[in-house]
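There are 2 protein chains.
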Amino acid sequence: MTKFGIAVFPSKKLQDLANSYRKRYDPHYSLIPPHITLKNPFEATDEEIKKIADKLVEVGEQTKPFTLRAYKISSFQPVNNVIYMKVDSTPELLALHDALHTEELGGPAEFSFVPHITIAQKLSDDEHSDVFGSLRMAGVNHEEKIDRFHLLYQLENGSWTVYETFRIGKE
Amino acid sequence: MTKFGIAVFPSKKLQDLANSYRKRYDPHYSLIPPHITLKNPFEATDEEIKKIADKLVEVGEQTKPFTLRAYKISSFQPVNNVIYMKVDSTPELLALHDALHTEELGGPAEFSFVPHITIAQKLSDDEHSDVFGSLRMAGVNHEEKIDRFHLLYQLENGSWTVYETFRIGKE
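As given, the protein sequences belong to chains H and X, one line each in that order.
Mapping to the working numbering: the first sequence position 92 is 1129, numbers consecutive.
Mapping to the working numbering: the second sequence position 18 is 1055, numbers consecutive.
There's no promise every hint is true.
Chain copies aren't distinguished; within one or between two, either way the pair holds.
[Said to hold, decoys possible] List time: in silico DSSO-like cross-link candidates among lysine-lysine, alpha-carbon distance up to 27 Å: (1) Lys1050 - Lys1088; (2) Lys1049 - Lys1088; (3) Lys1050 - Lys1087; (4) Lys1092 - Lys1050; (5) Lys1101 - Lys1088; (6) Lys1060 - Lys1049.
Hints are computed from structural coordinates only; laboratory data are not their basis.
Isolated chain H, as found in the complex:
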């Protein structure tokens, strides 16, 4: 069994900005590029993932490209000390998330969907309060079009490799 996940990578510009923070504040910095998680990690066999990948082609065809708007720095505290760029919940993005949580694809999400790009995590309470203070002031204001998403799998060292990308929207 291999662990898979589904995510969107923003443009180089937004990734470079996110990484400028992650480098210092996110221990997952070197394991995966900055991303929006669309579907949390799940296990699948080689056979299963081929069928899932075929379904993801359909999901891409049946959904629409969306505008990724990152408009402020937020935190999940008190649930955890994760600091993130908050991403606009557009109808297109929510529809894509829903299409990735049909019964065929393992059923509904465990938690409600808060689209975000993590930039800091595993901080102590004191670090969190310092870092959140300064990042919130720095803020973010970015907009771009997203027309693809990625199926990834995790290696033994914890890093993620892309298995396949899927274009969003009929061509």
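Using the hints provided, position chain X relative to the given structure of chain H.
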């Protein structure tokens, strides 16, 4: 301008094996997963890469899946101190490489194509001779089918993100 490259990622199994060496001997370990480079880094604008990606869809359709057979550990010494898993130059792999070096895609490759997966680099001469000695003894004997390749771009921190994957072979 962004820097792009084209590569194949082998299965999790071979990546985990390669990473067990890269972790110690390859400073690029955290920048990109283990891979076979199919096309060396090139620069392109956002507009250009969209056209290139469309051409890569065609390349995928017009080429055939290939057997990746990694059958020994070699070194590029005396050219450089890179140690790698040597990959069989099958006709399908060579055809794919050629299809990625047409005039439309920037012309022929600068160097002759030696398919390989790097597992150690930037070693001193002494390190190289030690490490190559033990890795060559350990050897490698792995075979798998490859049916996709990846277009990647480089972030400012030197790491590579997948832009898109392309399936190989008509479905």
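Quick rundown of the hints versus the structure:
Taking CA atoms no more than 27 Å apart as the test, Lys1050 paired with Lys1088 passes between copies only; the shortest distance there is 20 Å, against 34 Å inside one copy. Taking the shortest alpha-carbon separations for Lys1049 and Lys1088, only the inter-copy value of 18 Å comes in at or below 27 Å, while the best intra-copy value is 31 Å. When the C-alpha separation of Lys1050 and Lys1087 is checked against a cutoff of 27 Å, the pair qualifies only between copies, where the shortest distance is 17 Å, while the shortest distance within a copy is 32 Å. For the homomeric pair Lys1092 and Lys1050, the shortest alpha-carbon distance between copies (24 Å) is at most 27 Å, but the shortest distance inside one copy (30 Å) is not.
Taking the shortest Cα distances, Lys1101 and Lys1088 sit within 27 Å of each other both inside one copy (22 Å) and across copies (21 Å). In this assembly of identical chains, Lys1060 and Lys1049 lie within 27 Å of each other by CA distance both inside one copy and across copies; the values are 15 Å within and 26 Å between.
In summary, this structure violates none of the numbered hints.
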